[in-house]
Amino acid sequence: GQNIDQPTEMTATEGAIVQINCTYQTSGFNGLFWYQQHAGEAPTFLSYNVLDGLEEKGRFSSFLSRSKGYSYLLLKELQMKDSASYLCAVRDHLYGNNRLAFGKGNQVVVIP
Amino acid sequence: GAGVSQTPSNKVTEKGKYVELRCDPISGHTALYWYRQSLGQGPEFLIYFQGTGAADDSGLPNDRFFAVRPEGSVSTLKIQRTERGDSAMYLCASSPCIRGDRGSLNLQPGELFFGEGSRLTVL
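These protein sequence lines map, in sequence, to chains G and D.
Residue numbering for the first sequence follows this note's numbering, starting at 1 and increasing by one per position.
Residue numbering for the second sequence follows this note's numbering, starting at 1001 and increasing by one per position.
Don't take every hint at face value.
Partner residues are not named here, just some residues of chain D that face chain G (Cβ under 7 Å, in silico) [claimed, not checked]:
(1) Q1041
(2) G1042
(3) P1043
(4) F1045
(5) Y1048
(6) E1111
(7) F1114
(8) G1115
(9) E1116
Keep in mind that the hints were calculated from the coordinates and are not lab data.
Being a predicted model, the structure only gives us computed values, none of them experimental.
Beta carbons are placed, not taken as given, at the ideal position from N, Cα and C, and that holds for glycine.
Take these sequences, add in the hints, and give me the full structure.
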């Protein structure tokens, strides 16, 4: 199976930086995805990592260490609209490479 | 429309009834997924279609759950003899698949496009 672990909730101030961690255990790792999900809405894609290192995309960056089974999502210059759940998902080629296993998500609450 | 469309958006039913949830994927997307999401949890994989066939149905929890995609576009998730534990948000997603090395079909290193979901409540 695949075990994906994320902390459940954090609160941060508008304009701050927040780091959301994700650890995973999987036998045939083939990519890690981060999704954002606002309450009552569909998840939307944020980033993808398959090689070690940092991927930067505007205010959001995602880091991967395959040897440690670890990723983080960094949110900079937080805005109120960033209040959402952030889902980490792993793709495993042993499961046919065609589905994602999601963690529980980390709820980020941005306060003024 | 441009995105993945799911109907109904909300469904309330009684225990023991039969339910159908519909998903209309993005035009041209060959891959279609059903996920189930309970409150405070991440999406849980149910089934994956490549074209008309169910390529992976290992996530379906039991034989009360069934899904079809007869023409390779619209899909219907069917739940028989509903139970209170079936209450959840049912998410559909689609993706364009590309053919990778050695003829394997892989997700693009990008994204699943999710619909808004169908919230099922079983009383």
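Verification of the hints:
1. Evaluation of the Q1041 (chain D) hint against chain G yields a held restraint, the C-beta minimum of about 5 Å falling below 7 Å.
2. Because the closest C-beta pair between G1042 (chain D) and chain G is about 3 Å apart, less than 7 Å, the hint holds.
3. Hint status for P1043 (chain D) relative to chain G: holds, with the closest Cβ pair at about 5 Å, below 7 Å.
4. With a cut of 7 Å, the hint placing F1045 (chain D) at the interface with chain G holds, because the nearest CB-to-CB distance is about 5 Å.
5. Residue-level restraint check for Y1048 (chain D) holds (minimum Cβ-Cβ distance to chain G is 5 Å; threshold 7 Å).
6. Nearest Cβ of chain G to the Cβ of E1111 (chain D): about 3 Å, under the 7 Å cut. The hint holds.
7. Annotation: interface hint on F1114 (chain D) holds; nearest CB of chain G at approximately 4 Å, less than 7 Å.
8. Because the smallest distance between the Cβ of G1115 (chain D) and any Cβ of chain G comes to about 6 Å, under 7 Å, the interface hint for this residue holds.
9. A distance limit of 7 Å between C-beta atoms decides the matter here; for E1116 (chain D) the minimum to chain G is near 5 Å, and the interface restraint holds.
Checked against the numbered hints above, the structure violates none of them.
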